[in-house]
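There are 2 protein chains.
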Amino acid sequence: MGYRDTMTAMGRRAREAAHLMAKAGATVKEAFLEQTADRILAERDRIAQANARDIDAAEAKGLPKAKVDRLRLTDKVLKEMTDGLRQVARLPDPVGQITSMWTRPNGLRVGRMRIPLGVVGIIYESRPNVTVDAAGLCIKAGNAVILRGGSEAFHSNRCLAQILQESLVETGLPEAAVQVVETTDREAVLELLQLEDYIDVMIPRGGEELIRFVAENARMPVLKHYKGVCHIYVDERVDMDMAERVCLNAKVQRPGVCNAMETLLVHQGVAPVFLPRMAEAFYRHGVELRGCPETCRLVPQCRPATEDDWGAEYLDLILAVKVVPSMDEAIEHITRYGSSHTEAILTEDFHRAMRFIQEVQSSLVLVNASTRFNDGYQLGLGAEIGISTSRLHAFGPMGVEELTTTKFIAFGTGQLRQ
Amino acid sequence: MGYRDTMTAMGRRAREAAHLMAKAGATVKEAFLEQTADRILAERDRIAQANARDIDAAEAKGLPKAKVDRLRLTDKVLKEMTDGLRQVARLPDPVGQITSMWTRPNGLRVGRMRIPLGVVGIIYESRPNVTVDAAGLCIKAGNAVILRGGSEAFHSNRCLAQILQESLVETGLPEAAVQVVETTDREAVLELLQLEDYIDVMIPRGGEELIRFVAENARMPVLKHYKGVCHIYVDERVDMDMAERVCLNAKVQRPGVCNAMETLLVHQGVAPVFLPRMAEAFYRHGVELRGCPETCRLVPQCRPATEDDWGAEYLDLILAVKVVPSMDEAIEHITRYGSSHTEAILTEDFHRAMRFIQEVQSSLVLVNASTRFNDGYQLGLGAEIGISTSRLHAFGPMGVEELTTTKFIAFGTGQLRQ
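Here the protein sequences line up with chains A and B, keeping their order. Sequential numbering of the first sequence, starting at 1, is according to the working numbering. Sequential numbering of the second sequence, starting at 1, is according to the working numbering.
Here chain A stands alone, though its shape is the one from the complex (with noise of 0.2 Å):
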């Protein structure tokens, strides 16, 4: 108990703060970002001692080894880090960017001009760069953020932040800019989801349990990222050599993340000759299938699939396998059981290709690409805080833009409304 105060005060100097990283320029946002990379690395030992904390506290708790190892801030965590940051510090500012402008038949020149959020909430777990990356890129697009991490990272991450406050400081920028919450008790975060008039939206960050934690406790808006349960469409008309590229891609390139392929469809006219051989593909990667009856039928080695298989995210090197009759009934397959996140179409077909694109509503639609592609760096958007699969505000990868909202802007010369 008695943390209302202690979270209500953090809130009050984060709001303070956002005002004035509103005003802050371009070049000062960039020397800090510059001068926390170059810190970072001159402060490798005082960060090392950090994590040791962690990592000691972790094995003596006896934390699965996979588990420790995220906490690990080894040279390279520590070298895409400050690269990363450097990454961030050469984007186009977009505070005061104007998106568009017009003129009114009265002479009112409107535009819309781009601006801070205000105050950002990160809630989010394990792994202590995204303290340093999440706190970037929200200084970049000018708010202030209020950081807190799991309780695992509990030294790693105050050590970064204090890395971070001295720069801020250094560059004349207001310390409370970047603030950690000093304690790893959950009724801290529940104070900090009631502080609607301090925090203009919250970003949580890990497992479902923790993002509906926060989705159904916050009283700010939030910015939340469910499961990616990820579709590709192998179409009957198909480059039958790159599909096998590309759904190998997408399955076991790196089969733990949200973009990575979970159910694979596939057009009865092409399956009889594709999935015999995506299927010894897959199993020379380790893939275990999961297939509809037909797909058992071309594949006899499949297992057979149940209900419970659509719609899973498996983050495993498993595949559930569906031939479908047209394309409409793999749009319809994606509708039901798909998690709007990333669905990909392989097809020679113009007009499949672009049905498929203005037909599927998920946060990335892609014609004969991988998955995998949808994140921040891949698509172009220089860094990511994250993937919103909900459509308010930003649907997908969200980047420095998406950490800005836009006013109106009105230029007159004593316009009066009639």
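These are computed hints drawn from the structure, not numbers from a lab. Even for Gly, the Cβ is constructed at its ideal location relative to N, Cα and C. Each hint should be verified, as a subset may be incorrect.
[Claimed, not checked] The calculated lysine-lysine pairs, modelled on DSSO-like cross-linking and capped at a C-alpha distance of 30 Å, are:
1) B:Lys227 - A:Lys23
2) A:Lys407 - B:Lys407
3) A:Lys227 - B:Lys407
4) A:Lys407 - B:Lys227
5) B:Lys67 - A:Lys227
[Unchecked claim] Sample of chain A residues with no beta-carbon within 12 Å of chain B, all distances over it, derived:
6) Arg15
7) Ala31
8) Lys61
9) Asp75
10) Gly96
11) Phe154
12) Asp185
With the hints as your guide, set chain B onto chain A.
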């Protein structure tokens, strides 16, 4: 009790209709809007009968005359409704619009395409014309809509919804694209607000109490508009004739609306000359002034303001007036007491105009024009479904584009992620 099933069934029908609506072409949607306008005029008598039941009930309940008048579907109101529908029909179709497209180094062509939001919920009070205005806009943007109007307009809303549904069926669009909650029980609204799987966004329109109720209980995102505490700052270097006209327009042209001026801030350098003449004009128009000590000194008639006057949304012929030593203090006052709705600067000074535009973070910031322009029609959006004073998704007047989102699309030639 017992509303859960009805509301869920309604949500499910809306979701199905939304899938079909997303595919509907521009011509069909245009035909629907034109036909609804024709039908409304053809069915004058039927509408008048339904409307009479609401009017009778309102009068029997002893509602004040102003409130009863707001319910009346007069010929003028019908004309405005149908003109509005035809205007929306002629707007460019936002759906399918590709807002930008670029090519990645690997040859992948990536773009953003506008798609409907899905299912929009609208909860509103009193005026039955909102039923038609809101439904028209939602359909234009390819959405399905669930409407819940005020109990006073129950019969009028139901009749208008039936006409909308008849038009939907006649033009081959899904009937469930427009649905009206046929009960005025608040329990039903509460159930509606739980349907996060079926309703993508909720837009409350009405008094502050209604908006807070929706914001606090909704599980889906809410686009909300709290109050409009709009400021005009009259700078030291100003064309006083223009300033007098603009201030008068902003306060008295229609004092009861959210974009009317509520506080006037005047630079001390111009106050001694400007305030006495401005006050005279205000008093001539029946405006009560409540001023800071300096204002009261310059305008002896002026009543002293209390702390509550700063930040008050009078919606009436009352105005708070304050003399400020600088533009920075004006901006500080706005940041502290404003509602992020509409703020204007009146000045001849280029640099201050540009700084004010940049530094004031309201949904519309004007130079040398009346605050009354914060309105979708006035700013050139063609129509509006409300004004958002929070920053997520939309900030300011929301037109047909704000009822859409964008998905990413990508055209490839077999690209794989490395």
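Index of numbered hints that the structure contradicts, given in increasing order: 5, 6 and 10
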